[in-house]
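Protein sequence lines correspond, in order, to chains A and B.
So that you can map any letter, position 274 of the first sequence is 274 in the numbering used here, and since no number is skipped, the others follow by simple counting.
So that you can map any letter, position 147 of the second sequence is 1147 in the numbering used here, and since no number is skipped, the others follow by simple counting.
In short, the hints are calculated from the structure, not lab data.
Mixed in with the good hints there might be a few duds.
Partial selection, computed: residues in chain B whose CB lies under 7 Å from chain A [unchecked claim]:
| id | residue |
| --- | --- |
| 1 | S1014 |
| 2 | V1025 |
| 3 | D1044 |
| 4 | G1055 |
| 5 | V1114 |
| 6 | Q1115 |
| 7 | G1117 |
| 8 | G1132 |
| 9 | G1156 |
Below, in silico cross-link-like pairs of lysine to aspartate or glutamate (EDC-like), each with a Cα-Cα straight-line distance of 20 Å or less [stated by the list, open to error]:
| id | chain 1 | residue 1 | chain 2 | residue 2 |
| --- | --- | --- | --- | --- |
| 10 | B | K1046 | A | E212 |
| 11 | A | K99 | A | E212 |
| 12 | A | K167 | A | E94 |
| 13 | A | K253 | B | E1007 |
| 14 | B | K1008 | A | D505 |
| 15 | A | K406 | A | E493 |
| 16 | B | K1112 | A | E212 |
| 17 | A | K253 | B | E1004 |
| 18 | B | K1008 | A | E316 |
What follows is a list of derived Cβ distance ranges for each label pair [said to hold, decoys possible]:
| id | chain 1 | residue 1 | chain 2 | residue 2 | range |
| --- | --- | --- | --- | --- | --- |
| 19 | A | V211 | B | T1106 | 44 to 50 Å |
| 20 | A | V211 | B | E1007 | 49 to 55 Å |
| 21 | B | L1023 | A | A455 | 46 to 52 Å |
| 22 | A | G532 | B | V1031 | 30 to 36 Å |
Glycine included, each C-beta is placed from N, C-alpha and C at the ideal position.
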Amino acid sequence: MSANNKLPDKLSTDKLVGWNIGIAMSAIAIGGSMGFFQKMEHAGINLYNTLNAIGIASYYQGLTLHAVLNALVWTTFFIVGFFTFAIPRSLNRELKYPKLNWAAFYIMAIGLVMAAIPILMNVASVLYTFYPPMKANPFFYIGLVFVVVGSWIAGYGFYFTYGDWRKENPGVRTPFIALASLITMVMWQIATLGVATELLWLVIPWSLGLVEGTDPQLARTFFWFFGHPLVYFWLLPAYVSWYGMLPKQAGGKLFSDSLARLVFWLFLALSVPVGLHHQYVDPGIPAGWKVLHAVLTYSLFLPSMLTAFTVVASLEVAGRARGGKGLLGWVRKLPWGDPSFAAQNLAMILFAFGGIGGLTNASYNLNLAVHNTIWVPGHFHLTLGSAVTLTFFGISFWLVPKLSGKQLFSRKVALAQVWTWFIGMLIFSNGLHILGLNFGVPRRTMLGSAPYQQASWNPLFIEALVGGIILTISGALFFTVVLGTVFSKKTLETPIEMPVAEPIDPTPAPAWLDSWRPWIVLTVALIIIAYGPVLMALISNLNMTSPPITGAGFGG
Amino acid sequence: MHVERSEKMFFIASAALLVVFALAVGISGFVYGIQVPQPVGLVDPKTVATPGADGYHFGDPVEERIRELAPGRYEVYILAQMWKFSPGSIGYGEDPITVPVGSTVTFYLTSKDVQHGFKLQGTNISMMVLPGQVSKLTATFDEPGEYDFVCHEYCGAAHQTMYGRLIVEP
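All chains should be built: construct the whole structure from the sequences, respecting the hints.
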């Protein structure tokens, strides 16, 4: 056992963590600010002429930046950085091959630059879904491949480290934070096979002119094979913190270690074979398969509800340990003055609304009403934009001081940041949900300039704008805290340790919850059942007839 | 594995709730005759707009793409391209699609270029419109009025101008 030789307070790979998180935060700073201009445009105030001065040529170029930087760069870099910090500490050992993880970082960073240049040159304004046959500059696609492959390599670095730990600790249960992080990376590895296949087979050779046509329906299907588990790749690191760290931060314990592990295994098995619920209204896919994916998507409700129970129960244990009484009196006793805690708890509350909306999206016939309407961004700003992003903000409030060795710039500003995000997002997403559900307003559209716009939409556009302004202010407060911390002169008085929640019941989880083989087999089996026949049918009727379209109004 | 009784009860209640939701979705879908697009056929976007291509009518003159099969039964072949639907693109000077109240209309759509979407406001009609595929759904119009159909998939710089109109006459 390595418990005796405790890791040093600082690891050599912490610098790598800092670089990952720095890039992530730079991305959301740029990507997030684009959101403000979108909501202004919807409310009738078009500022894109002004933005031309800084090189943003159009609403859709700005939207591509917003989506790619927030949904792909902020998340992927933050997650890889967070795991690079957490896995060695959870396993109590340094990464086996730090150079491999540095190489992974460089590959991701090169990919980011390769993809960003065409976006900034307005030759890749294809949004983050990049549906062919609208063609972007090939470097955009190649850059994305680099980012994905880099993240795979980061995962391999973690697996090697875990392999050594396992050899030295036979029969010992993997510490929860490490196990949950590793499951997330394996899920990502499997999910990204879809988008990698799409890019390498159907998109890149076609964008380079090596083949004449591509098959848009098959490309969409590979994209959504990846696109839904992508949301769990964002969410599960937040769960790592909610289960494995937050109870400790609140002064309590993890309510059930075994169920926490079970939840992660279930997400591994169920994240991928559900992607067709994004394609209910696609023409080329038989209804029976859509129904099967609807049922499998519904099954994801169960690990989500287990999470709601276990995390809230863990916090109740904490609240009562702090002297809370009565049915709900314990809630007030929680450490609301700690911005890291407040951020994550408010993230969970917003996630409850996001989860309900998600169930609506997955519901076969309700989906017809909301598909591709602005309800959908309303939904994922509660999940990705709140549950995930606000949790990452909360993690940053201890991780940035830890990495920089400086005290948090201002607890009060951080708390103001957290609450303004919560309130801004409630207002913003409420407006978007109603616009989508009641009026069928399309998403990803320059709505202020749409000839079919109705006067009845305007109050809701203004509501969304008010939310957007509050969120913009909140974002500025976040960077004030982060930069204020990094450039502070006040060094830490007491060292910060990664919070690790102990389980209430110290009995080790059953062996089947620490065993990869059965869960990988189940995962692969479900994918083959849910996707095998659909993909076989599409591939055997391959329709590579769509030539690249470059006249979409930007210089593809 | 030890599971607290309260958590077990919560899990069972969640599962029961899920079954209720699934039944509600299934039964209402059946009762209201909810349909989603199903595979119709493959086409070549390069030639689909030529007359008679692949047995569809996307290449017919615009006014002939609205086909009355029998009294009150129509087929409409709508060709989507950047950034118009034809027929029905009132923004490009085309007439709206007009049918009498009570009509049953089957919509066929395909795209000549990039991916588009077709959402007929105020109805359950929502489909992706992809090059290479034909999308098909049927609706009956019992309420007279103007129904806008909008493109709900990003399709380039003027995506926001892509819409058309269906008029159901009393």
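Taking the hints in turn, this is what the structure says about them:
1. S1014: Since chain A brings a Cβ to about 4 Å from S1014 (chain B), closer than 7 Å, the hint holds.
2. V1025: holds (5 Å)
3. D1044: holds (4 Å)
4. G1055: violated (16 Å)
5. V1114: holds (4 Å)
6. Q1115: holds (5 Å)
7. G1117: With Cβ-Cβ at 5 Å, under 7 Å, it holds.
8. G1132: holds (4 Å)
9. G1156: Interface hint status for G1156 (chain B): holds (3 Å vs cutoff 7 Å).
10. B:K1046 x A:E212: It holds: about 12 Å lies between the C-alpha atoms, which stays within 20 Å.
11. A:K99 x A:E212: This hinted pair is violated, its Cα atoms lying about 41 Å apart.
12. A:K167 x A:E94: holds (15 Å)
13. A:K253 x B:E1007: OK: K253 (chain A) and E1007 (chain B) at ~16 Å, within 20 Å.
14. B:K1008 x A:D505: At roughly 16 Å apart (the allowed maximum being 20 Å), D505 (chain A) and K1008 (chain B) satisfy the hint.
15. A:K406 x A:E493: holds (9 Å)
16. B:K1112 x A:E212: Distance ~15 Å between K1112 (chain B) and E212 (chain A) Cα, so the pair holds.
17. A:K253 x B:E1004: holds (15 Å)
18. B:K1008 x A:E316: Within the cut-off at roughly 17 Å; holds.
19. A:V211 x B:T1106: 44 to 50 Å: At roughly 35 Å between Cβ atoms, T1106 (chain B) and V211 (chain A) fall outside 44 to 50 Å, so the hint is violated.
20. A:V211 x B:E1007: 49 to 55 Å: holds (54 Å)
21. B:L1023 x A:A455: 46 to 52 Å: violated (39 Å)
22. A:G532 x B:V1031: 30 to 36 Å: With Cβ atoms ~32 Å apart, the hint holds.
The earlier numbered hints that this structure contradicts are 4, 11, 19 and 21.
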